[in-house]
Amino acid sequence: ETGVTQTPRHLVMGMTNKKSLKCEQHLGHNAMYWYKQSAKKPLELMFVYSLEERVENNSVPSRFSPECPNSSHLFLHLHTLQPEDSALYLCASSTRDRGVGELFFGEGSRLTVL
Amino acid sequence: EDQVTQSPEALRLQEGESSSLNCSYTVSGLRGLFWYRQDPGKGPEFLFTLYSAGEEKEKERLKATLTKKESFLHITAPKPEDSATYLCAVHGSARQLTFGSGTQLTVLP
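Residue numbers (our numbering), protein chains in the order written: chain A, 6 to 119; chain B, 1369 to 1477.
Derived by calculation from the structure, the hints in this document are not laboratory data.
Stretch by stretch, here's where chain A covers chain B in the computed footprint (C-beta under 8 Å, at least three residues):
(1) 1406-1412
(2) 1454-1462
(3) 1465-1471
Keep in mind it's a predicted model, so treat the numbers as computed, not measured.
For each residue, glycine too, the CB sits at the ideal point set by N, CA and C.
Work the whole structure out from these sequences, hints included.
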């Protein structure tokens, strides 16, 4: 496998469910990111992990809980979400050497909250 | 606070009809400006990095330019496969990127 892989690609959940999104990168990068993309709005940064430590938490509600067990894997645990959380959730990775601008994105997980 | 505004929101071109997309930005100190391409149902794909005014980068039919206030993505003789949403982002005073809302480009055969 190559690049950044996200699973599942599509997820429908109720407001009381608990689910997780998974991201795996095969690029040897040491920083990983979660972004939220809503229709007609700019990409919103949620979390950044660098060398497995969370270095950025962009005022994200506690119903979103990230986990980075190693430099290749990133999870986003979801619980008691709201309908307005429906969006495309994108995982990205980068190397610290190339800075924060050259990001490699996965194809995203399309989340629908009923 | 870093800000990015992209225009137009949507652009329809005939195949071969050259045009430009605009990215206006406000930052207290630009550390980099980045262009991405996003196809429907896919994540963004990195295209270019620009660091200083006057810099230009080219890739196939695309050329990105930078001034102190804006960047342009020039598309020369576009083809239908160039249809995508083009995203601009800046790295300025914030620790991470600030993205614009994108320009949705459609190239008709």
